[in-house]
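Trainee: Listed here are the chains, written in short residue letters.
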Amino acid sequence: NAGVTQTPKFQVLKTGQSMTLQCAQDMNHNSMYWYRQDPGMGLRLIYYSASEGTTDKGEVPNGYNVSRLNKREFSLRLESAAPSQTSVYFCASNPMGDAYLSNYGYTFGSGTRLTVV
Amino acid sequence: KQEVTQIPAALSVPEGENLVLNCSFTDSAIYNLQWFRQDPGKGLTSLLLIQSSQREQTSGRLNASLDKSSGRSTLYIAASQPGDSATYLCAVSPPSKSTFGDGTTLTVKP
Numbered sequence: 001n002a003g004v005t006q007t008p009k010f011q012v013l014k015t016g017q018s019m020t021l022q023c024a025q026d027m028n029h030n031s032m033y034w035y036r037q038d039p040g041m042g043l044r045l046i047y048y049s050a051s052e053g054t055t056d057k058g059e060v061p062n063g064y065n066v067s068r069l070n071k072r073e074f075s076l077r078l079e080s081a082a083p084s085q086t087s088v089y090f091c092a093s094n095p096m097g098d099a100y101l102s103n104y105g106y107t108f109g110s111g112t113r114l115t116v117v
Numbered sequence: 118k119q120e121v122t123q124i125p126a127a128l129s130v131p132e133g134e135n136l137v138l139n140c141s142f143t144d145s146a147i148y149n150l151q152w153f154r155q156d157p158g159k160g161l162t163s164l165l166l167i168q169s170s171q172r173e174q175t176s177g178r179l180n181a182s183l184d185k186s187s188g189r190s191t192l193y194i195a196a197s198q199p200g201d202s203a204t205y206l207c208a209v210s211p212p213s214k215s216t217f218g219d220g221t222t223l224t225v226k227p
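Here the protein sequences line up with chains A and B, keeping their order.
Residues in the first sequence are numbered consecutively from 1, following my numbering.
Residues in the second sequence are numbered consecutively from 118, following my numbering.
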């Protein structure tokens, strides 16, 4: 099925460890996003990529890096994990950037549940 | 800065009741507004998207309206069912990225 695929679905890290969350979409969307969702905090944008080759900081970028590897893939890296990064991470894509396709809005992945101990 | 508010934070209704969920936003210069459903432990599923030039969209028992001038959108659910129990979020988009509300958690009691 077409959509946004995130891996892994679950991960437990020790403080100071690093890891990369992977995201791929097969809808030929221009824009991709990484959000974190925490109880009582809603969805907060970490980084986004409006188009292949560009990335920009969102609301809460500290402690993260991203790579837009190609049009399909957008990865999120935690260089030195901290307990404050325990969260559910969602990748999303959106055709916005191409006005013709902007009727279709966001498509979300199923999330990565990360615990940092 | 765009701010999106969803009130109430939680709502409990008996099965069969019609209900309205609210979404308010502070900046009317939006591109579109999207309603999502999130089940516990799951991702967001898109329900309806309304372009800024549209007034409403319908899908089955769902009807979403948009009033840009007043900064409001409503999601109407007809004849609610226990399977409608979930958190409903709205997101408003400028051309670059969206601002999400915190959601309304709906419980439909059998």
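Don't read these hints as lab results, they were simulated from the structure.
All residues carry an ideal CB built from backbone N, CA and C; glycine is no exception.
Some clues are possibly wrong.
[Unchecked claim] Pair ranges (Cβ atoms, derived): (1) A/T5 with B/P131: 36 to 42 Å; (2) A/E79 with B/V130: 42 to 48 Å; (3) A/N62 with B/P211: 30 to 36 Å.
Trainee: May I ask you to test the hint 42 to 48 Å on the CB atoms belonging to A/E79 and B/V130?
Mentor: holds, 46 Å
Trainee: Quick one: are A/N62 and B/P211 within 30 to 36 Å, going by C-beta?
Mentor: violated, 23 Å
Trainee: Quick check on a hinted range of 36 to 42 Å for A/T5 and B/P131, using CB atoms only.
Mentor: Given about 38 Å between the Cβ atoms, the range holds.
The structure is inconsistent with hint 3 alone, although it conforms to all the rest.
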